[in-house]
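K.L.:
One-letter residues, chain by chain:
Number of protein chains: 4
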Amino acid sequence: MDYQKLLEDIYSQVLPLAGEGKVADYIPALAKVSPDHFGMCLNNVDGEVFAIKDADVRFSIQSISKVFALAMCLAVKGETLWKRVGKEPSGTAFNSLVQLEVEHGIPRNPFINAGALVLADIMLTSFENPEEEFLAFVRELCGSETVGYNDEVALSERETGFLNAAIVNLLKYHKNIECDVERVLRFYFQMCSVEMNCMELAKAFLAFADHGGDFRHAGIELTRSQIKRMNAIMQTCGFYDEAGEFSYLVGLPGKSGVGGGIAAIHPHRYAVAVWSPRLNSKGNSVMGMKALEILTTETSESIF
Amino acid sequence: MDYQKLLEDIYSQVLPLAGEGKVADYIPALAKVSPDHFGMCLNNVDGEVFAIKDADVRFSIQSISKVFALAMCLAVKGETLWKRVGKEPSGTAFNSLVQLEVEHGIPRNPFINAGALVLADIMLTSFENPEEEFLAFVRELCGSETVGYNDEVALSERETGFLNAAIVNLLKYHKNIECDVERVLRFYFQMCSVEMNCMELAKAFLAFADHGGDFRHAGIELTRSQIKRMNAIMQTCGFYDEAGEFSYLVGLPGKSGVGGGIAAIHPHRYAVAVWSPRLNSKGNSVMGMKALEILTTETSESIF
Amino acid sequence: MDYQKLLEDIYSQVLPLAGEGKVADYIPALAKVSPDHFGMCLNNVDGEVFAIKDADVRFSIQSISKVFALAMCLAVKGETLWKRVGKEPSGTAFNSLVQLEVEHGIPRNPFINAGALVLADIMLTSFENPEEEFLAFVRELCGSETVGYNDEVALSERETGFLNAAIVNLLKYHKNIECDVERVLRFYFQMCSVEMNCMELAKAFLAFADHGGDFRHAGIELTRSQIKRMNAIMQTCGFYDEAGEFSYLVGLPGKSGVGGGIAAIHPHRYAVAVWSPRLNSKGNSVMGMKALEILTTETSESIF
Amino acid sequence: MDYQKLLEDIYSQVLPLAGEGKVADYIPALAKVSPDHFGMCLNNVDGEVFAIKDADVRFSIQSISKVFALAMCLAVKGETLWKRVGKEPSGTAFNSLVQLEVEHGIPRNPFINAGALVLADIMLTSFENPEEEFLAFVRELCGSETVGYNDEVALSERETGFLNAAIVNLLKYHKNIECDVERVLRFYFQMCSVEMNCMELAKAFLAFADHGGDFRHAGIELTRSQIKRMNAIMQTCGFYDEAGEFSYLVGLPGKSGVGGGIAAIHPHRYAVAVWSPRLNSKGNSVMGMKALEILTTETSESIF
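If you read the protein sequences in the order shown, they are chains A, B, C and D.
Under the working numbering, the first residue of the first sequence is numbered 48, with each subsequent residue one higher.
Under the working numbering, the first residue of the second sequence is numbered 48, with each subsequent residue one higher.
Under the working numbering, the first residue of the third sequence is numbered 48, with each subsequent residue one higher.
Under the working numbering, the first residue of the fourth sequence is numbered 48, with each subsequent residue one higher.
For reference, chain A alone in the conformation it holds in the complex (with noise of 0.2 Å):
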C-alpha cells in the first residue's frame, strides 16, 4: 500500500469541504487558529512515516488527552477504575449534566468531560507530581521533548469553563472527587491545553496498535489485554455523540478533540493522526472525519 499517495489522494478529496464547519471559539487562544489548516500522519507497524502539509504544525490536542490519562488511570488502578466511571457510550451530547445526575455521580465513560474530570481526580491521588508524569509520559510516547502544556489555553478555559465547574461540583456532591474541585478543574485544563502535531500523535497512538509488545512509557505499563480494551472504549465512545457515525463511516477507534484533532487507530497495522480546525455540529473536525471515512474506504480495511 502506497500510504503517502494514499494521503495525498485524500488530501485532494477533502478539499471541497474546506469552508465547512467553524472553529471552536469558546476561548480566545483557539479561536484565533487559522481554519484553513490540515494535516495527515500516519505510523505503520514496520516503523513508515506518511506526512502531509501541516503535519507538523502543533495545534490544542484538547479531548485527546483523555486517551493518555486512561492509560495512566488503567496502569495504576486496574479494573477497580470502573468503581468510579462506567465504559458505555453516552447517547447525549458530551457535556451532558442529565446522565450525570440520574446515575448518581457516575460519568458514563472516561471521554465524556465528567468521566475525565474522575480521571483527572484519580491522577491527583495517584502520582506525586501528576502535571510533569503525565507531560514525561506524553512526550516519550509521541518521542519529543518539546512537546509541553499552553498556559494561556489552560487560564483561559478556567475562566470560561462554568460548564466544566457545574459537572465537577456535581461530582463533588455525589461524592466521586476526593480533591478540591479547583485543583481538579486546573489539572484537566492543564491536560487538555498540550500541544503537540500529526506526525508526534500518530508516534504516540502507535503504542496503542497491539504490535504483540508490551506497553511500557515512562514508568506507565499495561498488559495487552487493557490495550485491546482501551481500544474498544476508542470505539464505543471516543467522539461524543457521533461515536455511531463515525464507527459507521471510518470503523477504527479513535477520539477527537475540539481542537480539531482526531487520532485513531488500525490494531496491528498504524496509527493515524489528522487535524484541521472546523467542526462539525457534534465538535468533531469536518475535513478530518471525511479524511478517515476515505482512507478506510480507499484501502478497503476498517476493523469490521
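No wet-lab data here; the hints were simulated from the structure.
A hint or two may mislead.
Note that the list lumps identical chains together, so a pair holds whenever it fits in one copy or between two copies.
Said to hold, decoys possible - Calculated lysine to any residue pairs in the SDA-like style (CA-CA distance at most 20 Å, straight line):
{"no.": "1", "residue 1": "K100", "residue 2": "V70"}
{"no.": "2", "residue 1": "K250", "residue 2": "E268"}
{"no.": "3", "residue 1": "K222", "residue 2": "V145"}
{"no.": "4", "residue 1": "K222", "residue 2": "S203"}
{"no.": "5", "residue 1": "K222", "residue 2": "L210"}
{"no.": "6", "residue 1": "K329", "residue 2": "E148"}
{"no.": "7", "residue 1": "K329", "residue 2": "Q146"}
{"no.": "8", "residue 1": "K329", "residue 2": "E150"}
{"no.": "9", "residue 1": "K222", "residue 2": "A71"}
{"no.": "10", "residue 1": "K329", "residue 2": "Y50"}
{"no.": "11", "residue 1": "K250", "residue 2": "S191"}
{"no.": "12", "residue 1": "K52", "residue 2": "I341"}
{"no.": "13", "residue 1": "K222", "residue 2": "Y73"}
{"no.": "14", "residue 1": "K130", "residue 2": "E229"}
{"no.": "15", "residue 1": "K124", "residue 2": "L296"}
{"no.": "16", "residue 1": "K222", "residue 2": "D72"}
{"no.": "17", "residue 1": "K222", "residue 2": "H151"}
{"no.": "18", "residue 1": "K250", "residue 2": "R186"}
{"no.": "19", "residue 1": "K52", "residue 2": "T344"}
Using the hints, position chains B, C and D against chain A.
P.N.:
Frame of chain A; chains B, C and D shown alone:
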C-alpha cells in the same frame, strides 16, 4: 487453532456460572424453557464448523432477528434508511421511550425496539410478502428449510406487548410509521419468534463476516462496505445498554436476544453463536457473555 | 358588583386579541370551528346569571371533562384514588411520556392526559354504564338534558389519537390500567367529546364553588372537604404547564380545554366560563385567559 | 374563632407524630438542633397574636428566606424579573439540574434553589449593600432588630454546598448569572442562614396577607396585585415537589425550609408560622405540615 478443544475448555470454564441470572419470563412460552441449556457453535471462513453441547437445540432468537431485518432494509433503502432511524448507541435501557420523545420519533438505532419497529414498517411497505420473504432470507442464510416462526410465541408477545405498543403508537404520532400500528406490531413479533439453533445462527452470521466476496442471499444484496457498516452498528449498538461492556470484554461485533442467544463475528475469520437462557440484569445471557469473553481472551484475538 | 357591565367591559378589552393564537386543528371536527367566537358566563352563589355574546353556543369541552371525571372517581374511591394517580403539578407539557416512564406508570395528576386515562379506567370498573352515568352527571350539574356526546369528534380523536394510545399502553405496561386499552381510549375520547356552552359550564362548575352545603348530584356525593381539595388540584394542575402562569395572572382554580373553553371558580362567590377557540402555544385560549385575568384584576378579587 | 385554644388542640393532635421524620443533617449546625422542638404562632389581620410552645425559639429559616428575596426583586425589577426566572411549578426535586439544563438556564421558579440563586444575583446588582438591605427588610417586616445571620451556618453551607455550586456554575454557563459565582453563593447562603422564631415569621408574613393597604417596608414597595401574585407563586411552588400535596391538604399559600419551619398565609385573615425540625422525605416538616392541615380543616377555611 484447535477451536473444538477451545469450545470444550470454554464450557468447563463457564459451568460455574450455570445458576446465575434468570430466564426471561414475561411470556409463558419463554419462561418454560429449561434454564440449564448451553450450546455453542463456531464457523470459520474456511468452512469448518465446531459445535458443542446443545448447539443443535433451537431457541427463540428474539432480538437477533433485528440483524436480519436491518440487512433487508439496508438492501432496499440504502443510505436513505438513516432518515428514519439513527445509528448511535442508545445509552439507556433498550426500551426507553424518553429518548424517543426527546428526539421526536427518530429511534436512536435499529437495534433498540423502537428502531426495529421502524424496520418492520419499512419492510411492510417494501416487500410484497414480508413474512415469507423474511423467512426465506433467514432460511437461505442458515441453510435450513425447517427454520420457522413460532406462532404461539408471537401471539403471546403481542398479547402482553404493551410497551412495544406504546412505542409504535408514539412513532406513529411522530409520523415515523406508515402502516397500521397493529400490522407493524404483529410483524415485529413474528420476526422475533423465529427459532434457530447455534449451528444455524453461526452459519447465518458467517455471511456477515467479510470474506472478500459479495453478499447475495435470497435476493438480498449488500456491498462489502455495507457489510462492514452493519458490523460497526452491531459493535456500538448490539447489546442494549451493555454495548460498551461487551465491546470491552469481548471486542467483537454481535447481537443478543432475550431468548439467551448471542451471535458475534470476527471479520475475515469466523462467526460464533452461543446460547444459554439465563440473563443478567441488562437482558444478556450470563454464560454466553462469559463464553465469548473467554474465546477472545484465549485466542488473543479481538478486533482491537 | 355589576357583573353584566363588567363582562361587557372585558369583552371590549380582549377584542384586540381576537386574531392571536390558532384553533386546535389536530382533528377536522375541531379545526372547522369558527375562530371568532367569544362567549362568557358568570353564575354567582346567589343564583344570578350574567352572560354575553356566544355564551349559548356549544363547543367541545375536551379536557374540562376531566373535572367531572375526577369528581366521580373521588366520590367512589375516596383517598384510595391517589394510589393510582398523583396530585402534583406536572412541570412538563401535558402529554409528556417522559415523566410517566420515570415515575413507573403513576401519572403526575388527574388533569394530564395520562391521569385522565387512569380516571377513565377507574370509571369503567366502578360504574355499570359509565357512558350513561357520566352524561347523566354532567346533565344534572348543568341542568340541561340536551347536553350530549359528539360521536364524530370522539371517533375522529380515536383515529388520530396515537399519543394517547401510546400513553394508555405505557400505563397498561406499568399495570395501572385494568381494562382493555381500546375500551379505555374510546371512553376517554367519548368524555372529551361532550359539547356544552358557557352558560351550562358555569352552572355546572357552580356546584364546585363551596357554598357551605352538600355536593350531591345524580348520585355523586362529595364532602365539603373533597370539594375544596378538587379546587386545590384545579389551582395547581388545571392548565397544563401554564398552571403557574394562570395562578399568577388570574388567581382562581380552573380547567381549560383545547376546544378553547375555560371554567374557573371563586370559592364562595361564583363560577365563570369563557370560550374562544384560538389557543396560545401552551394550548390555552388566548382571549379566555385574558378575560379571566381582567375579571379578577377589575374586581380586585382573586383567592390570594 | 378561639385561635389560642385551636393551636393548643392542634399541638395535642400532632404530638403522636413527634418521632417521625429526621432532622436535616447535611451540615453540623443544622444537625445539632434538638429534634423535639415544636412552635406555632398565628397573627390575624386584626393585630391579634396567638402563640404556643417554642414559638419564641429561633431556628434557621433557610428557604423561607426566598420569599423575602422575591419581594425585594419583584419590587426593583417588576415584571421584567420573569425574563430570568419562570413561575411554573418544578415537578421535580427542588435541586434538580436536569430541568435547568433542558430549559437552558432559566430556572422553573424563584423558590427552587436555581431560581433563588438568580434572585441572589439580581440583588447583588440591584442593591448597594445587599447583605445589609436584606437584613434591614426582614427586621422591619418582623419588627425585631435582633434578627440576624448565623455566619457559622452560612460558612458551613458554603463548604459543603457542591450541588448549589454546580447549579450556579450551570446558570453562569447559560449566561443567567452576572456576578462572580463565589459571590452569589456566599450571599445566597447568607440569606438562608437568617434565624427567626415563629412569632417573628408570622408577623413578617402578615405583610403578605393582603389587607387592602400598601406594602411598603424598609423601602421595598409592592402593589396589591404584586402581593397577590407572590401568594400565587407560594401556592404553586412553595413546597418543592410537594406543592400539590400541601395545596390539597392545607390549601394555603406558604413556604417551607429545611430548618423545619413553614410560614403560610390566609389572605385577608391571618399569617401562621410553625416549626418542628423533623422532615419528611420531601424536605418538609412532618409536624408542621400536619398542624397546618388540622388548622384549615378545623376552621373549615382554606382559600378554596
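K.L.:
Can you tell me if K222 and Y73 fall within 20 Å by alpha carbon in one copy, between copies, both or neither?
P.N.:
This pair counts as between: shortest inter-copy Cα distance 13 Å, intra-copy 29 Å.
K.L.:
For K329 and E148, with the copy left unspecified, which applies at a CA distance of at most 20 Å: within, between, both, or neither?
P.N.:
between (22 Å within a copy, 18 Å between copies)
K.L.:
If the cut is 20 Å between Cα atoms, do K329 and Y50 qualify within a copy, between copies, both or neither?
P.N.:
neither (29 Å within a copy, 43 Å between copies)
K.L.:
Which holds for K222 with S203 at a C-alpha limit of 20 Å: within a copy, between copies, both or neither?
P.N.:
between (27 Å within a copy, 17 Å between copies)
K.L.:
How would you label the pair K222, A71 (within, between, both, or neither) given a Cα cut-off of 20 Å?
P.N.:
between (32 Å within a copy, 18 Å between copies)
K.L.:
20 Å Cα cut-off: does K124 pair with L296 within a copy, between copies, both or neither?
P.N.:
between (33 Å within a copy, 17 Å between copies)
K.L.:
Taking 20 Å as the upper bound on the Cα-Cα distance, should K222 and D72 be classified as within, between, both, or neither?
P.N.:
Answer is between: at 16 Å across copies they meet the 20 Å cutoff, but 33 Å inside does not.
K.L.:
Evaluate K250 and E268 at a C-alpha cut-off of 20 Å and name the case that applies: within, between, both or neither.
P.N.:
For K250 and E268, the Cα distance is within 20 Å only inside one copy (17 Å; across copies 40 Å).
K.L.:
What label fits K329 with E150 when the C-alpha limit is 20 Å: within, between, both, or neither?
P.N.:
between (23 Å within a copy, 16 Å between copies)
K.L.:
My question is about K329 and Q146: at a cut-off of 20 Å on alpha-carbon distance, are they close within one copy, between copies, both, or neither?
P.N.:
both (18 Å within a copy, 18 Å between copies)
K.L.:
How would you label the pair K222, L210 (within, between, both, or neither) given a Cα cut-off of 20 Å?
P.N.:
both (18 Å within a copy, 11 Å between copies)
K.L.:
Are the CA atoms of K250 and S191 at most 20 Å apart within a copy, between copies, both, or neither?
P.N.:
Answer is within; shortest intra-copy Cα gap is 10 Å, inter-copy 50 Å.
Hint compliance for this structure: hints 10, 14 are broken, all remaining hints hold.
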